[in-house]
Amino acid sequence: MAAFETQVESTISRWHGIKPPNDPAKRLAAELADTIAAFEALRGTLAFEEEPAGFELALQATKEKAPYTKASM
Amino acid sequence: MPKLAETLLVEATDAVAGGKTTSLALLQACWANLDALNPLVNAVIWEERAQAEAAARAADEKVAKGERLGLLHGVPMAHKDMYYQAGRLSTCGSALRKDYRPTVTATVIKRMEQAGAYVFAGLNMAEFAQNPTGHNKTYGDCHNPWNLPYITGGSSSGSGASVAARFNFMALGSDTGGSIRLPASACGVTGIKPTQTRVSRYGVMPLSFSHDNVGPLARTARDCARVLTVIAGHDPLDPTSSHELVPDYEQFLDGDLRDTRIGVPTNFFLDGADDPVVSGMEAALKVLEARGASIMRLELPLMDAVAAYGGIISRAEAAPIHAEWMRQDPQAYGAHISGRMYPGYALPASYYIEALSRRGPILRGFAKDVFSQVDVLVTPTIKTCLPTLEETNIDHGPPGTETRFMAVSANTRPFNYLGLPAVSVPCGFDPNGCPIGLQIAGRPFGEGRVLKVADAYQRDTRYHWQRPPILEKMGAEA
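Top to bottom, those sequences are chains A and B. Going by numbering that gives the first Met the number 0, the first residue of the first sequence is number 0, and it counts up by one from there. Going by numbering that gives the first Met the number 0, the first residue of the second sequence is number 0, and it counts up by one from there.
Hints are computed from structural coordinates only; laboratory data are not their basis. Predicted model only: the values in this text are computed from it and were never measured. No false leads were mixed into what you were given.
No more than 30 Å apart at the CA atoms, straight line, and that leaves these computed lysine-lysine pairs for DSS-like:
1) K109(B) x K2(B)
2) K285(B) x K64(A)
3) K367(B) x K285(B)
4) K109(B) x K97(B)
5) K136(B) x K18(A)
6) K97(B) x K25(A)
7) K97(B) x K18(A)
8) K136(B) x K25(A)
Make the full structure from the sequences, and use the hints.
This is the structure:
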């Protein structure tokens, strides 16, 4: 077993007391390496959002505003 | 109306209100098709016929007395089996909840009951709403009415299959990564995932608090508009639900797309897409263009970030919900869920917080670049021809099956992270006779806009009227 997979299984077992339930679980856990790579690629590209309700504010800020039928104009 | 189960939701409720049929007749039509087809498609996993018949008779009495009627009066419905009704079974598709009877009732169920609808059955679903295919280890896989060996899409598998097989006028689904739109696409029906926070989630089984959405699957955009008008809006029992006012969504369905700008992404959504799916989308664009819409091809920004951040939130949020069962009884889960959930326990909290904290800025950046140029985005709902249940069976498939499995929801997941409304409408068939879906996404709280485009498309096409051939073979009522 690769070192990364062993490390992931060990971490999950230590922190949660959960063992890999089947082979797909082991294979998908190994894919966490791709997740790390994706996060690495994004480093430095976006700032941390300091506003605690930033997403909800963004929904309001970007929402559909204009009437979109003649009937509602 | 000799074929009642073929009737659209809006027509059915109007017919009951107008005295042209009865609620009991609608229910009996659903039962007739259910009896003929459910042994094959396995969409319904429990029924309460006596209770439903009593509700139908009560609805008919209200009509006879001339009482004020709601927007869904007299329509029998069955929903994904994760909408709690106090004292009634709610399996959540799992052996772990095979006898679970909650003590609360979901706000959306209450709102539909207040509008005159009633529940007659519980629908099959992916275990705890966690797969995009329709596999279920405990209650049996749900089969596509159009071609039985093929997936229905999930996780609202029974919702899509029951509406397609004409034994349900409308079903609630839930959508955390595509679970309304995928079965809508695969089963040839219409389904909308509303804006994040648009519909209350009180009394609904949670999967991922940040990405979960409640919405309808029905035959048409108009049917979905009717239901959304009833269920949307703030709920004090769900403080995360939006205070945004709820319009009558049917008012926007005027068929006029002359002021509508449609964007077609040139990146991400067509990567690896199968030709029949792309052809279906291109043909649909011509229909929309003929209705007056303008078409623009554009590259979407920030898709790497959307994919990376969106990919971990659901896993991180689902993991603690299931931790106790994963420790004590992991084999009670199918590999479809336990295998996917397991890596969630290794995700660092800092990754999760990073993904959440960037959601707002990413939505702002995406909206600034995209919605300054177009009003809606159009993509295939599922970018490949439908796979079979066998091809996506993680429980005993070879290594690599997981990749095929996860690819099903590649085009739907981004709109959960972005929180945008998106509807899927049927737009053709693949070489195996399975439906192809067209996804239409819009700005936050732009449900009226995306339903307007979907409805305009359905005015000029017949895919939503086509019936699975199995209906004729099995001698179904409709």
